[in-house]
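*Asks:* Chain by chain, the residues run as shown.
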Amino acid sequence: MRTHAIFFRIVGYLLLGAISASTQEPTPDQPATPRTAPAVSTAQQSSLPASASQLDLRIPLHPKSVRFAVIGDSGTGGSAQYEIAKEMEAYRELVGFDFVIMLGDNIYGGDSPKNFVRKFELPYKPLLDAGVKFYASLGNHDNPNERLYKLFNMGGERYYTFKKNDVTFFALDSNYMDPQQLSWLEQRLRDSNAAWKIGYFHHPLFNGGKHHGPDVDLRSLIAPLFEKYGVNVVFSGHEHIYERLKPVHGIYYFILGNSGQLMTHDLRKSDAVQVGFDTDRSFMIVEIAGDKLYFQTISRSGQTIDSDVLQRGK
Amino acid sequence: MSCLVMGQAPRVNRDSVVIKDFESRVTDYVKLSKKAASGPAAPKPTDDPAKLKEYQLALAAKIRAGRPQAKQGDIFTPDVTKMFQRLIAMSFSGPRGEKLRASLRHAEPVKTLNLQVNDSYPQGVPLQSTPPSLLLDLPKLPSELEYRIVGRDLVLRDVKANLIVDFISNVIPAS
Numbered sequence: 527m528r529t530h531a532i533f534f535r536i537v538g539y540l541l542l543g544a545i546s547a548s549t550q551e552p553t554p555d556q557p558a559t560p561r562t563a564p565a566v567s568t569a570q571q572s573s574l575p576a577s578a579s580q581l582d583l584r585i586p587l588h589p590k591s592v593r594f595a596v597i598g599d600s601g602t603g604g605s606a607q608y609e610i611a612k613e614m615e616a617y618r619e620l621v622g623f624d625f626v627i628m629l630g631d632n633i634y635g636g637d638s639p640k641n642f643v644r645k646f647e648l649p650y651k652p653l654l655d656a657g658v659k660f661y662a663s664l665g666n667h668d669n670p671n672e673r674l675y676k677l678f679n680m681g682g683e684r685y686y687t688f689k690k691n692d693v694t695f696f697a698l699d700s701n702y703m704d705p706q707q708l709s710w711l712e713q714r715l716r717d718s719n720a721a722w723k724i725g726y727f728h729h730p731l732f733n734g735g736k737h738h739g740p741d742v743d744l745r746s747l748i749a750p751l752f753e754k755y756g757v758n759v760v761f762s763g764h765e766h767i768y769e770r771l772k773p774v775h776g777i778y779y780f781i782l783g784n785s786g787q788l789m790t791h792d793l794r795k796s797d798a799v800q801v802g803f804d805t806d807r808s809f810m811i812v813e814i815a816g817d818k819l820y821f822q823t824i825s826r827s828g829q830t831i832d833s834d835v836l837q838r839g840k
Numbered sequence: 027m028s029c030l031v032m033g034q035a036p037r038v039n040r041d042s043v044v045i046k047d048f049e050s051r052v053t054d055y056v057k058l059s060k061k062a063a064s065g066p067a068a069p070k071p072t073d074d075p076a077k078l079k080e081y082q083l084a085l086a087a088k089i090r091a092g093r094p095q096a097k098q099g100d101i102f103t104p105d106v107t108k109m110f111q112r113l114i115a116m117s118f119s120g121p122r123g124e125k126l127r128a129s130l131r132h133a134e135p136v137k138t139l140n141l142q143v144n145d146s147y148p149q150g151v152p153l154q155s156t157p158p159s160l161l162l163d164l165p166k167l168p169s170e171l172e173y174r175i176v177g178r179d180l181v182l183r184d185v186k187a188n189l190i191v192d193f194i195s196n197v198i199p200a201s
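So the sequence lines, in the order shown, correspond to chains Z and W.
The numbering of the first sequence is our numbering, which starts it at 527 and goes up by one.
The numbering of the second sequence is our numbering, which starts it at 27 and goes up by one.
These are calculated hints, taken from the structure and not from any lab test.
Among the hints, a few may not be true.
Quick list of the computed label-pair ranges, beta carbon to beta carbon [to be verified]:
1) 753/Z to 58/W: 23 to 29 Å
2) 753/Z to 112/W: 29 to 35 Å
3) 746/Z to 91/W: 41 to 47 Å
4) 84/W to 794/Z: 43 to 49 Å
5) 776/Z to 150/W: 37 to 43 Å
6) 80/W to 794/Z: 43 to 49 Å
7) 162/W to 754/Z: 45 to 51 Å
8) 104/W to 706/Z: 25 to 31 Å
9) 772/Z to 94/W: 56 to 62 Å
10) 839/Z to 103/W: 35 to 41 Å
Simulated crosslink set (DSSO-like; lysine-lysine; CA at most 27 Å straight-line) [as the list claims (entries may be wrong)]:
11) 60/W to 166/W
12) 137/W to 70/W
13) 754/Z to 166/W
14) 125/W to 772/Z
15) 795/Z to 125/W
16) 79/W to 640/Z
17) 125/W to 640/Z
18) 689/Z to 125/W
Keep in mind the model is a prediction, meaning the values are calculated, not measured.
For each residue, glycine too, the CB sits at the ideal point set by N, CA and C.
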């Protein structure tokens with residue numbers, strides 16, 4: 527029933543011809559060029575996704591592992607978002623990830639129903655049709671009432687947790703980290719006995735990007751909790767680039783704010799950044815098996831711009 | 027030392043009276059908002075964003091109808107405003123002040139809007155994050171309301187109705 531309702535909304539929208547060919551993107555498209563990225567594939571330059579046999583898969587696909595994708599600052603409705611979504615679907619067919627975490631700015635430009643179609647339901651329709659679940663966190667461009675949008679799986683809450691096997695995800699609202707949320711976070715972290723604790727939210731605590739930079743006030747309050755209670759990995763968006771930072775007090779911090787938006791050449795040179803990418807859009811696929819987290823960051827043109835394996839507790 | 031304590035006592039008492047007055051006005055607003063919310067069907071998670079929008083608009087209309095004469099200063103009275111001015115100034119001049127300023131600069135600041143009580147927060151304008159250290163220093167709010175920063179103004183916003191409930195102008199220091 528739900529699928530039918532979404533289908534008819536999308537068909538209706540298409541019939542109205544409301545999809546604009548324009549991209550509404552802030553920066554011109556440029557070829558993907560990672561900075562300091564290891565082992566970059568340069569074979570694929572097409573904007574069309576490759577067939578499964580051509581994909582450059584860097585994660586091992588262990589049986590019974592937890593597999594998911596990551597997108598951030600995605601909801602522009604522009605052509606680049608659609609192209610990233612196509613790449614994601616190509617990888618889903620190979621990897622079989624069954625959920626996606628969203629790092630905020632899920633719907634830019636207001637909460638009109640047509641925006642939900644053009645900036646979420648339509649680009650990710652193949653993933654939604656395949657039963658992939660999206661777990662959203664809120665960005666500064668999101669209406670907090672998105673928490674009630676069922677396809678974002680927030681259960682009506684601004685912040686929430688969910689568990690997949692031995693991995694617990696803490697989806698936070700970094701727009702409004704009030705004392706109530708801080709207490710909630712500490713209690714949930716303290717009570718969690720998950721092997722892997724993964725935090726995600728919009729505003730980055732550490733960030734080599736020039737445009738926004740890190741939220742040092744937020745960092746001063748929640749990074750100590752992450753360190754105290756053994757959070758392993760943190761994903762954020764907001765800065766419209768990709769960054770993998772060198773671990774800070776044993777925690778791996780990623781920024782992925784370029785799954786729709788892009789701030790070209792925004793990355794400043796910094797020793798804190800392990801790998802950065804600021805010339806095109808990207809998304810991540812992640813696999814967690816036992817004590818290892820494998821990840822791969824893929825650009826719009828299909829290049830692998832970063833990949834590695836992280837060891838829990840190291 | 028005793029002089030200092032004696033000198034501070036009246037301020038503490040005065041602040042507690044002002045805080046109680048603020049909380050009482052907030053409680054009255056929340057009562058009105060809950061009464062309004064009993065009209066339109068309560069929001070439950072839905073896959074139809076049109077229903078969310080309809081609910082938000084209907085709730086905002088009911089709240090407006092319940093306080094048609096609402097104006098700036100109804101909740102942030104002159105005394106409450108003075109107290110907030112003092113609390114915010116203390117936050118920004120305290121040990122976390124520099125972090126607060128940095129947080130504001132990096133949060134994609136929202137430029138000044140033409141704020142009006144009972145207006146909806148404008149569609150498509152981002153909601154700037156409110157620095158968490160500042161939230162620790164301000165009186166706690168029920169979940170129906172939140173503090174937001176617009177330019178140098180502090181806005182009291184109804185979360186469900188997306189409504190500007192009241193605001194204090196020029197209270198946030200320039201960063």
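*Asks:* All hints are to be evaluated individually against the structure, with a verdict given for each.
*Replies:* Hint by hint, here is what the structure shows:
Roughly 43 Å separates the CB atoms of residue 753/Z and residue 58/W, a value that falls outside the hinted 23 to 29 Å. Checked against the given bound of 29 to 35 Å, the beta carbons of residue 753/Z and residue 112/W, roughly 34 Å apart, stay inside it. Range check, residue 746/Z to residue 91/W: about 43 Å between beta-carbon atoms, so the 41 to 47 Å window is met. As the Cβ distance of residue 84/W to residue 794/Z is approximately 47 Å, the hint placing it in 43 to 49 Å holds.
The given range of 37 to 43 Å is respected by residue 776/Z and residue 150/W, whose C-beta atoms sit roughly 40 Å from each other. In this structure the supplied range 43 to 49 Å holds for residue 80/W paired with residue 794/Z, their Cβ-Cβ distance being about 45 Å. Hint check: residue 162/W to residue 754/Z, Cβ distance near 18 Å, so the stated range 45 to 51 Å is violated. About 29 Å separates the C-beta atoms of residue 104/W and residue 706/Z, a value consistent with the hinted range of 25 to 31 Å.
Residue 772/Z and residue 94/W have their C-beta atoms about 57 Å apart, which keeps the hinted 56 to 62 Å range intact. Between residue 839/Z and residue 103/W the beta carbons are some 54 Å apart, a value that contradicts the proposed interval 35 to 41 Å. Simply put, residue 60/W and residue 166/W have alpha-carbon atoms about 18 Å apart, close enough for the 27 Å limit, and the pair holds. A threshold of 27 Å between alpha carbons decides the hint, and for residue 137/W with residue 70/W the separation of about 33 Å lies outside it, so the pair is violated.
In summary, the hint linking residue 754/Z to residue 166/W is supported, as the alpha carbons are separated by about 26 Å, within the 27 Å threshold. Between residue 125/W and residue 772/Z, the direct Cα distance comes to roughly 22 Å. Compliance with the 27 Å bound is thereby established for this hinted pair. In summary, the hint linking residue 795/Z to residue 125/W is supported, as the alpha carbons are separated by about 22 Å, within the 27 Å threshold. Restraint check for residue 79/W and residue 640/Z: the C-alpha separation of about 11 Å stays at or below 27 Å, so the hint holds.
Proximity of residue 125/W to residue 640/Z is assessed by CA-CA distance (about 39 Å); at most 27 Å being required, the pair is judged violated. Pair hint residue 689/Z plus residue 125/W does not hold up; C-alpha atoms about 33 Å apart against a cutoff of 27 Å.
Checked against the numbered hints listed earlier, the structure breaks hints 1, 7, 10, 12, 17 and 18; every other hint is satisfied.
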